[in-house]
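Please work from the sequences and hints to get the whole structure.
If you read the protein sequences in the order shown, they are chains W and B. For any residue, its number in this note's numbering is found by taking its place in the first sequence, counting from 1, and adding 409. For any residue, its number in this note's numbering is found by taking its place in the second sequence, counting from 1, and adding 409.
Don't read these hints as lab results, they were simulated from the structure. Treat the hints loosely; a few may be bogus.
For identical chains, the list gives no copy identity; a pair is met inside one copy or between any two copies.
Taking lysine-lysine and the DSS-like style, the derived pairs with C-alpha atoms no more than 30 Å apart in a straight line are [claimed, not checked]:
id	residue 1	residue 2
1	LYS639	LYS589
2	LYS667	LYS654
3	LYS557	LYS653
4	LYS653	LYS552
There are 2 protein chains.
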Amino acid sequence: MGRTLTYPKRVSNTANRYKHRATYDLGPIHKIINDSQVLHVSFNPGPEDPFPAILPMIGQMGSFDYPSASIDEPLECYLHGYVSSRIMNLARNCPEGEGLPICVASSKIDGLILSLTPNSHSYNYRSAILHGYANLVTDEEEKLWAMKLITNSVLEDRWDHSRVPPDRAEMQSTVILKVKIVDGSGKIRDGGVSDESKDYGDEQITSSVWTGVVPVWETFGTPIPSGDGKVAAVPGYISSYIDKKNSQNRALAEAAVKIQLPAEEQH
Amino acid sequence: MGRTLTYPKRVSNTANRYKHRATYDLGPIHKIINDSQVLHVSFNPGPEDPFPAILPMIGQMGSFDYPSASIDEPLECYLHGYVSSRIMNLARNCPEGEGLPICVASSKIDGLILSLTPNSHSYNYRSAILHGYANLVTDEEEKLWAMKLITNSVLEDRWDHSRVPPDRAEMQSTVILKVKIVDGSGKIRDGGVSDESKDYGDEQITSSVWTGVVPVWETFGTPIPSGDGKVAAVPGYISSYIDKKNSQNRALAEAAVKIQLPAEEQH
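Structural data, given as structure tokens:
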């Protein structure tokens, strides 16, 4: 389409520090969410409770109306949960059409930045947040579509390789939340160490403190078959997914170190 | 002490599903928080904003008053941040002695549970939440102690191997939040796959669907020295920390698979 869609900047999603690391583009924000095995979802339980709640949930960005929409186009966030959980009850009891105001967050560490001083220590990381209104998906076709989307985010193609479709009881015990996104933002830190001149100009300090980056990534191990599994060999779609993720994750963490820091952070 | 301290059960932290996976014991909850490289911290920005906010932050449990307190004793949560960030301003502006109500969460995936049906898919995981009131640490000695605690959580012993103590400007730009914990809970899922009899009794299903667990853990890669680093060799405290974490993380994810499921989930 030749244009980049961005989320509107509001006080709640606008970075006021390290602005060059912030992004409001739909593409990178949606990608961070979709690459996450677990999302942290925050909501307010009610006026009697002073504390916001956080739930770990599985979710994915997608568009039921435009299933071929790409990652940088407007998408909804679908979250998977259990029928009687508190967040589902709150969303169910929202006045018609309003939805439960929630925040969805994800953060991934790509490396430890070991600089000369504790203050300049950091992580290479990718993080994203979304704000939006959550409603229960009531359309059966959309719900099934979202369940498949979410299952396949855990392991590519797993849905069609498991016993599907879900039966009536399974459909009833599962609830899918659909979040209409109001705004979002992402923050990405990559590159090497960054120190201040008072320190990197000091021979005594630079000759005594090791500085550099320790890349960090998620590893998938060898699949361990269940005791009563009658399918002995690990199927190709599982082993190739594991191989792909392992090399992608490692390459991403190592490549992040080599990205040039912006001028204001270099020395 | 021969006793196990537990957090009080309130509506906001009590599990209503998979109760056998829930824990209210201080020890395992604090350990999940302290093993996390990043915490998700949620707070309410103010009455004009309907959405709770989530910030990724670095933090650790500890006790300044009783520094030798062990992990299963009452501890505070110390969070590291920048002086002008929104959460710090909110905490700073709270009425004397009240503190900002926040939720601190952490989740770690230890494995993909690949069962016969999408519904019985799961993760092996460890997650924890804490609710509490956050105030800025104003005592300089406590602040310095917390900065050291947090830096050493990124990499053991890093504080003493970097340029310390922080100078005046560094102390001023860093803010530490101290969270007085009101309640907390943890959830730990381990073991293998778990299916329902209608599926594992069906030869056609069990002979076509591979089931098992894919362990997942975090890997630290080979340290990449900064271009101008004058300390050439990677110091022993860094390489031994990396080796230790890599074998611990892997062993934990693989051991989790072998833990026996409770009777109600076995087949």
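Hints, one by one, checked against the model:
1. LYS639 / LYS589: neither (42 Å within a copy, 51 Å between copies)
2. LYS667 / LYS654: both (20 Å within a copy, 24 Å between copies)
3. LYS557 / LYS653: within (21 Å within a copy, 38 Å between copies)
4. LYS653 / LYS552: Within one copy only: 29 Å inside, 44 Å across.
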